[in-house]
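Given the structure of chain B, go ahead and fit chain H onto it with the hints provided.
Chains as they are written, first to last, in the numbering used here: chain B, 1 to 105; chain H, 1 to 468.
Please note that the accuracy of each hint is not assured.
Unchecked claim - Simulated crosslink set (SDA-like; lysine to any residue; CA at most 20 Å straight-line):
{"hint": "1", "chain 1": "H", "residue 1": "LYS68", "chain 2": "B", "residue 2": "VAL40"}
{"hint": "2", "chain 1": "H", "residue 1": "LYS68", "chain 2": "B", "residue 2": "ALA69"}
{"hint": "3", "chain 1": "H", "residue 1": "LYS68", "chain 2": "B", "residue 2": "GLY74"}
{"hint": "4", "chain 1": "H", "residue 1": "LYS68", "chain 2": "B", "residue 2": "PHE46"}
{"hint": "5", "chain 1": "H", "residue 1": "LYS136", "chain 2": "H", "residue 2": "HIS154"}
{"hint": "6", "chain 1": "H", "residue 1": "LYS68", "chain 2": "B", "residue 2": "ARG67"}
{"hint": "7", "chain 1": "H", "residue 1": "LYS68", "chain 2": "B", "residue 2": "ASP50"}
{"hint": "8", "chain 1": "H", "residue 1": "LYS181", "chain 2": "B", "residue 2": "ALA69"}
{"hint": "9", "chain 1": "H", "residue 1": "LYS68", "chain 2": "B", "residue 2": "LEU53"}
{"hint": "10", "chain 1": "H", "residue 1": "LYS150", "chain 2": "H", "residue 2": "ASN132"}
As the list claims (entries may be wrong) - Derived coverage of chain B by chain H (criterion: at least 3 residues anywhere in the stretch with Cβ under 8 Å from a Cβ of chain H; other residues may be distant):
{"hint": "11", "stretch": "23–31"}
{"hint": "12", "stretch": "46–52"}
{"hint": "13", "stretch": "67–74"}
Since the hints were derived computationally from the structure, they do not count as laboratory data.
Don't be surprised by glycine CBs; every beta carbon is placed ideally from N, CA and C.
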Amino acid sequence: MQRDDPPPLDEDDVPGQLPWSQMAQDMAVTLWPSFLAASVATMFFFAFFDPSLFGDGAMPPRWLTHRMAGYAVGFFFFWAICTLSSALTLYLVRTARQQGPRGGR
Amino acid sequence: MNASPAKDTAQPASYYEARRKIYPRETDGRFQRLRYIAIWVLLGLYYLLPWIPWDGRQSVLFDLPARKFYVFGLVFWPQDFFYLTWLLIILGLSLFFFTALAGRLWCGYACPQTVWTEVFIWIERKFEGDRNRRIKLDKAPWSLEKVLRKGGKHLAWVLFALWTGFTFVGFFTPIHELWGKVTQFSTGPWETFWVLFYSFATWGNAGFMREQVCKYMCPYARFQSAMFDRDTLIIAYDTGRGEPRGARARNADYRGKGLGDCIDCKACVQVCPTGIDIREGLQYECIACAACIDACDAVMDKMDYPRGLVRYTSQHAMEGATAHVVRPRMIVYGVLLAALVVGFFVSISLRTPVGLDVMRDRNALYRTLPDGSIENVYLLRILNKDTQPHVYVLGASGLPGISLEAGETGGTGGRVRHEVGPGEVYSLPVRVRVPRDEATGSHEILFEVAAEDGPRLKASREARFLGP
Chain B
1 MQRDDPPPLD
11 EDDVPGQLPW
21 SQMAQDMAVT
31 LWPSFLAASV
41 ATMFFFAFFD
51 PSLFGDGAMP
61 PRWLTHRMAG
71 YAVGFFFFWA
81 ICTLSSALTL
91 YLVRTARQQG
101 PRGGR
Chain H
1 MNASPAKDTA
11 QPASYYEARR
21 KIYPRETDGR
31 FQRLRYIAIW
41 VLLGLYYLLP
51 WIPWDGRQSV
61 LFDLPARKFY
71 VFGLVFWPQD
81 FFYLTWLLII
91 LGLSLFFFTA
101 LAGRLWCGYA
111 CPQTVWTEVF
121 IWIERKFEGD
131 RNRRIKLDKA
141 PWSLEKVLRK
151 GGKHLAWVLF
161 ALWTGFTFVG
171 FFTPIHELWG
181 KVTQFSTGPW
191 ETFWVLFYSF
201 ATWGNAGFMR
211 EQVCKYMCPY
221 ARFQSAMFDR
231 DTLIIAYDTG
241 RGEPRGARAR
251 NADYRGKGLG
261 DCIDCKACVQ
271 VCPTGIDIRE
281 GLQYECIACA
291 ACIDACDAVM
301 DKMDYPRGLV
311 RYTSQHAMEG
321 ATAHVVRPRM
331 IVYGVLLAAL
341 VVGFFVSISL
351 RTPVGLDVMR
361 DRNALYRTLP
371 DGSIENVYLL
381 RILNKDTQPH
391 VYVLGASGLP
401 GISLEAGETG
411 GTGGRVRHEV
421 GPGEVYSLPV
431 RVRVPRDEAT
441 GSHEILFEVA
451 AEDGPRLKAS
461 REARFLGP
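So here's chain B without its partners, still in its complex pose (with noise of 0.2 Å):
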């Protein structure tokens, strides 16, 4: 494989992308588990009410009623809750007294 001669690997002045920052991997481990689990939320949800019917009374937005938008809203409204439950999550695991490992895990 000595096509033209790689630079060494461990070279330091490759330029390059950073590890995530802690603030990046943060909102990484929350905002994905929750899109995942809000995209089960809305695919169960909304096999079981169809939007356009949430209009009976008088208490959601006309504008909610239309599918799409009911559909979009439903899934960001499920995305933004399970983001609240991830976040709370990882600050509880982040903040508890860490414990080092003691005979084994």
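Positioned in the frame of chain B, the structure of chain H alone reads:
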């Protein structure tokens, strides 16, 4: 920001170690070709399916606004949601089955993250050249050439991402109409939004985040090890054969010098899209793309050593024990999976394409008619899930002397006929009458709907009939 002490990987102190940009080196070989085939097939399906017509409509269309899913000749309704759940269970179990059998096949060959990343890297290579050129270009000061190369790459990425987002929305709204709207810049707000949303996700995930998604975000990457056993197919470096590694001349008597087969060329490390060294053993970052196998095989060929210093193998095989493909776990997963798949298709093929919903009128429990009989009112919904119109006959039974009358059509002898178009939901209020003597208290009655032309097209629903 504490490093997690519970982490049991070999990485010290902080497991968010400093990390340099990964410039995966291009490979060619058996497995790379296999991956290209997988990518062509999967992306081919993705980009072409919505354009393929079927029965005068789009072959695969998840028509969310109309709440109907078309999959070739089949039409699914919200009432069929149970099939989707069933399908998800099958997919989940398949993941278990194939992971136990062959490790992370999904990651290396089929995951959208890997597949689209591969395309984005291909585009990058077309504009910026191979690994060394890219490293040099990144280090070089800004020049016209650099601007053109980088700009071209980003433009191509954005266009490809937009096409991907457009195709995605094309699965949910008829793609021909959508294309017409796109060319006239008249897409609706939600269509525009979702095209951009999916494009942005593709662009960010495949262009920038790449293998970081696998490392930091993917749950499967973390729990797949629980599905592994010692017979699972993994990609591993043959330590016994390779060590001690070291550089040597091509024809040197390396065995005499006490060296193993690994020439320490680091080709396996350079091709790795997640930037790990496979020689350090199985790591959760490994997405089993087999690029290191191809790279090492090429080197082994050059050195005239036998191939397979890095290869698909299993822990048992590495330890010299016999590897078992058929084992209790595989049998259990396999039988379950086969049963679910067979059941799924049998159930779909036996599905009756007519549905019936019954709702009691909420305004009155019952009404006494001048002739003394008791009347209950219901709202019936006949759902023709077939692709052709049918004439349905509606009837009620369960009480002596029961008769049925529908609003506009007028009932005759307790039967009501009505034609329902393909995919139509027909709602009609019906009045059910029962002689006074039979109607005391609460009774169970049965509504039935049957197509005149197809004896298989039948559905029934129970309801309550209330009297004084």
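The hints, checked one at a time:
For the hint pairing LYS68 of chain H with VAL40 of chain B, the CA-to-CA distance comes to about 18 Å; that is within 20 Å, so the pair holds. Restraint check for LYS68 of chain H and ALA69 of chain B: the C-alpha separation of about 17 Å stays at or below 20 Å, so the hint holds. The suggested pairing of LYS68 of chain H with GLY74 of chain B holds, with an alpha-carbon distance near 19 Å, which does not exceed 20 Å. At most 20 Å may separate the alpha-carbon atoms for a hinted pair to count; LYS68 of chain H and PHE46 of chain B meet this at roughly 12 Å.
Note on LYS136 of chain H and HIS154 of chain H: the hinted pairing holds, with a Cα-Cα distance of about 18 Å set against a maximum of 20 Å. In summary, the hint linking LYS68 of chain H to ARG67 of chain B is supported, as the alpha carbons are separated by about 13 Å, within the 20 Å threshold. A threshold of 20 Å between alpha carbons decides the hint, and for LYS68 of chain H with ASP50 of chain B the separation of about 12 Å falls inside it, so the pair holds. Of the supplied pair hints, the one linking LYS181 of chain H and ALA69 of chain B holds, its CA atoms being roughly 19 Å apart against a limit of 20 Å.
Of the pairs offered as hints, the one joining LYS68 of chain H and LEU53 of chain B holds, with about 16 Å between alpha carbons and a cut-off of 20 Å not exceeded. Of the pairs offered as hints, the one joining LYS150 of chain H and ASN132 of chain H holds, with about 15 Å between alpha carbons and a cut-off of 20 Å not exceeded. Interface restraint, the stretch 23–31 of chain B with chain H: holds (3 residues with C-beta to C-beta distance below 8 Å; minimum three). Under a criterion of three residues with beta carbons nearer than 8 Å to beta carbons of chain H, the stated coverage of the stretch 46–52 of chain B is upheld, 3 such residues being counted.
Counting residues of the stretch 67–74 of chain B whose C-beta lies closer than 8 Å to any C-beta of chain H gives 5; at least three are required, and the coverage claim holds.
Checked against the numbered hints given earlier, this structure breaks none of them.
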